[in-house]
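Peer 1: Each chain, letter by letter, is given below.
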Amino acid sequence: MLLRHTPKEIKQRKALTINPAKTCQPIGAMYAALGIHSCLPHSHGSQGCCAYHRSTLTRHYKEPVMAATSSFTEGASVFGGQANLVQAIDNIFTIYEPEVIAVHTTCLSETIGDDIPQIARKAEAEGKIPRGKYVIHVNTPSYVGTHVTGFSGMTKAMVDYFSKSNGKKLDQFNIIPGYVEPSDMEEIKRIAEVMGVRTVMFPDTSRVLNRPQTGKYDMFPKGGATVQALMSTGDSLATIALGRMASGAAARALDTKCKVPCEILDLPIGFKATDRFVDTLRKTAGINVPDSLSEERGQLMDIVTDMHQYFYGTKVALAGDPDQLISLTEFLVSIDMWPIHIVTGTVSKDFATRIREITKGVPHQVNVSTPGDMFLLHQWIKNDPVDLLIGNTYMKYIARDEDIPLVRFGFPILDRIGHSYFPTLGYRGGMRLLEKILDATLDRKDRDSPEESFELVM
Amino acid sequence: MTTSIFSERKDQVHRKGEQPFQMACDRESLAGAVSQRACVFCGSRVVLYPIADALHLVHGPIGCASYTWDIRGALSSGPALHRLSFSTDLQEKDVIFGGEAKLYQALVELIDRYEPKAAFVYSTCIVGIIGDDLEAVCKRVAEEKGIPVIPVQSEGFKGNKRAGYNAACRAMFRLIGTGDISNISPLSLNILGDFNLAGEIWIIRNYFERMGLETVANITGDGRVDDIRRAHGAALNVVQCSGSTMDLAKMMKEEYGIPFIRVSYFGVEDMAESLYSVARVFEDKDPEIMNRTRALVKEELQELYPQLAKYRESLTGKKAAIYVGGAFKAFSLVKAFRLLGMQVVLVGSQTGTEEDYRELYEITDEGTIIVDDSNPLELSAFLQEKDVDIFVGGVKERPIAYKLGVGFCDHNHERKEALEGFIGMLNFAREVYSTVMSPVWRFVPRRELKKSRRAATESKFEPGIAACSSQA
Chain A
1 MLLRHTPKEI
11 KQRKALTINP
21 AKTCQPIGAM
31 YAALGIHSCL
41 PHSHGSQGCC
51 AYHRSTLTRH
61 YKEPVMAATS
71 SFTEGASVFG
81 GQANLVQAID
91 NIFTIYEPEV
101 IAVHTTCLSE
111 TIGDDIPQIA
121 RKAEAEGKIP
131 RGKYVIHVNT
141 PSYVGTHVTG
151 FSGMTKAMVD
161 YFSKSNGKKL
171 DQFNIIPGYV
181 EPSDMEEIKR
191 IAEVMGVRTV
201 MFPDTSRVLN
211 RPQTGKYDMF
221 PKGGATVQAL
231 MSTGDSLATI
241 ALGRMASGAA
251 ARALDTKCKV
261 PCEILDLPIG
271 FKATDRFVDT
281 LRKTAGINVP
291 DSLSEERGQL
301 MDIVTDMHQY
311 FYGTKVALAG
321 DPDQLISLTE
331 FLVSIDMWPI
341 HIVTGTVSKD
351 FATRIREITK
361 GVPHQVNVST
371 PGDMFLLHQW
381 IKNDPVDLLI
391 GNTYMKYIAR
401 DEDIPLVRFG
411 FPILDRIGHS
421 YFPTLGYRGG
431 MRLLEKILDA
441 TLDRKDRDSP
451 EESFELVM
Chain B
1001 MTTSIFSERK
1011 DQVHRKGEQP
1021 FQMACDRESL
1031 AGAVSQRACV
1041 FCGSRVVLYP
1051 IADALHLVHG
1061 PIGCASYTWD
1071 IRGALSSGPA
1081 LHRLSFSTDL
1091 QEKDVIFGGE
1101 AKLYQALVEL
1111 IDRYEPKAAF
1121 VYSTCIVGII
1131 GDDLEAVCKR
1141 VAEEKGIPVI
1151 PVQSEGFKGN
1161 KRAGYNAACR
1171 AMFRLIGTGD
1181 ISNISPLSLN
1191 ILGDFNLAGE
1201 IWIIRNYFER
1211 MGLETVANIT
1221 GDGRVDDIRR
1231 AHGAALNVVQ
1241 CSGSTMDLAK
1251 MMKEEYGIPF
1261 IRVSYFGVED
1271 MAESLYSVAR
1281 VFEDKDPEIM
1291 NRTRALVKEE
1301 LQELYPQLAK
1311 YRESLTGKKA
1321 AIYVGGAFKA
1331 FSLVKAFRLL
1341 GMQVVLVGSQ
1351 TGTEEDYREL
1361 YEITDEGTII
1371 VDDSNPLELS
1381 AFLQEKDVDI
1391 FVGGVKERPI
1401 AYKLGVGFCD
1411 HNHERKEALE
1421 GFIGMLNFAR
1431 EVYSTVMSPV
1441 WRFVPRRELK
1451 KSRRAATESK
1461 FEPGIAACSS
1471 QA
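Chain order of the listed sequences is A and B. Note that the numbering used here numbers the first sequence so that position 228 is 228, with each residue one more than the last. Remember, the numbering used here sits 1000 above the position in the second sequence when you count from 1.
Everything labelled a hint here was simulated from the structure, so no lab data went into it. Mixed in with the good hints there might be a few duds.
Under the rule of at most 20 Å between Cα atoms (straight-line distance), these lysine to aspartate or glutamate pairs were calculated in the DMTMM-like manner [as the list claims (entries may be wrong)]:
(1) B/1010 - B/1366
(2) A/216 - B/1092
(3) A/14 - B/1115
(4) A/445 - A/403
(5) A/396 - B/1092
(6) A/14 - B/1109
(7) A/11 - B/1115
(8) A/436 - A/350
(9) A/14 - B/1180
(10) A/62 - B/1414
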């Protein structure tokens, strides 16, 4: 019993988070920045932050994750980190030669009040930023928001720094994919391509954090949104943003800055949310949905109908990020499963309302907490057990202690592979999610069935 | 190929044989470098967290707690309070108005709930800046709750990991001397600097037990607060991992007059020598101890050597690169590879001292690259230049090795096999063998490139030779 220290009785906690269902802003900013081609994320703070973020992203993606740090010392913390950042910019452009340095702050540099744009201007004035290269930034104090906020902030910074409009519209659409896997970004691009829509995706971590074995170490892999593509987003016909929390801010900024109209949608997890995405793409681009995509949808529906009796009444506990949880809950409810305990570490205003709305037909009490932690989730499960857990790797403690199957989904996944290569978004992603859910629940049924009711055909 | 080194870092890289030995180290990392180093907090956290019946509360924003939640497999044979993640999760208003009230409340709540034997409160960057008086809050809670509540001064920016080790040692030192030592054997010791990764401290304790020695406190693997409180009753401190707990050994020597010796449990030579040096300390008190130790080593080696032979046969002539946190581990690894017939062509660490690097210089072969505080670009260039077969490192190094098509062994906190002790040498050999000799490398571009180059130069009438060498 790894979590033997988790009691069943729930007491109000005021000053304390136990077993968080979130982490801090900078890692989200770092992940987003890796979705710019030839960009070196830069952590303006102590060395540890950068090391932790790189280690966590490395454990999740099993890929080299590059980022530099201002390596704050006691001196920098007293006198400010300007000298460190100017020197860092100089060193980075001299040795690593990226196109872009994407600076994010930390709680340390935020609290001492470093002004990043001012420091970047100073570096520029001193000739430390070569022509045609860029330093962009986002403020990511760790004591505000979560990793989702940091991701959203860096994505918006791409608009703030790069998006330009020269008044001449290009035949392309922007897609902001949200805080999802590289495989999901690839899948979204594929769907757009199948529909014949030209897109610019940002950030785009596909082929950055799910790249092939090449026998070479490329500091800057070939994936990622190029600076040129990012600049062109201001002339796109429209923006489709997936996930309100992660992508909404950038989409709205682009609308304000370059008058590119936007549609902010839920992440396309499951057939309903994917339908909305495909339909929006269809309407905005004025095209028809090709047969091949309709067939994909049909295949997903085929699995749903074939296996629906196994879904009914399956009680599920979920932990993760708001954008993912809203769509996932909708998907589960639409196939007759009962998500009854739902926790996110991220504060999201309309999250609870959305979840209540989506689950109002579920004939069981539904617990929602924003922000909540996995300790609370575990306590809920002890009081009202579930049949399945869906969430990140940290859920495996609960899974083991309570002997409940777990489907790994979300961030971080530190102990399994696949998530960066196979999507859970779109119709195909839905099929994969269902496969995982059915494998987990039916394996359990096989394991637990008494001999007389152990079935060959299911 | 050209190897990119920051010009400021030139004196932190040494190629043995090219010039007289000189090495700059213990230097702050260059701003802008993709350093593999971590912070003070990280150092403190890894040292203290294996104390399984203590409460570990991270006072700071959520990240510091999230990233250190059970990431290091420090096993416990009993309580597992250390595997939970507790954080005050500081928010903006706490940063403005101070986090002391929140810290007090969190501590009280946690101590009431878990009744731990002691509590460690880790300070983070932000706490250092906003100036929360950790000492005062801890003192108040300690008085109210009647358990030691110890602040760990681990603000991230106050140095690197090494400073964090020191903060952890100072924190533990406050516990030592508070327990009853009346029934401790004169033939006793503390194990310092072992974190019980993959159950390693259990192997070592077993050796000492067979030698007739009582282990008073594990510091800190599978550690217990009450044991640490009586650690001053031990006759000897046996210190592994030069950086992490050496400061504590020094403090205990000064305060309690307890002698210490440095040991390493990695590799056959160092493991045996460690046991002998411990035995020598107790020879006066127990004349038979050396015989028992010799018998132990003999027994273990008789079991080990025949099993090592087959690995050695395959691995002879292969090349290894080492980049680890502390340099002390690197010494043992160099010797361990030598035992396997392998050659170390690159060795480096995040936090080595000049003395450490000098020792590495002494024990390595001509041409070996010695490096301090390296970065991925340098490392990957060295790996390619030296055409290595295996890279030993930590989490951030692993994917670099794999991307290049090079085998890898985690000798850091993500190791899953015990690598200490005689049995650890066998596990190490198996792990090295499993990665170096893995057939997967035959299919990756690096080897295919090599194969095609070779095929072009070798006689086409001797396909057997080409095929054999391509398996290398």
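Peer 1: Compare the structure with the hints numbered earlier in the document and write down the numbers of the violated ones, lowest to highest.
Peer 2: The structure breaks hints 2, 5, 8, 9; every other hint is satisfied.
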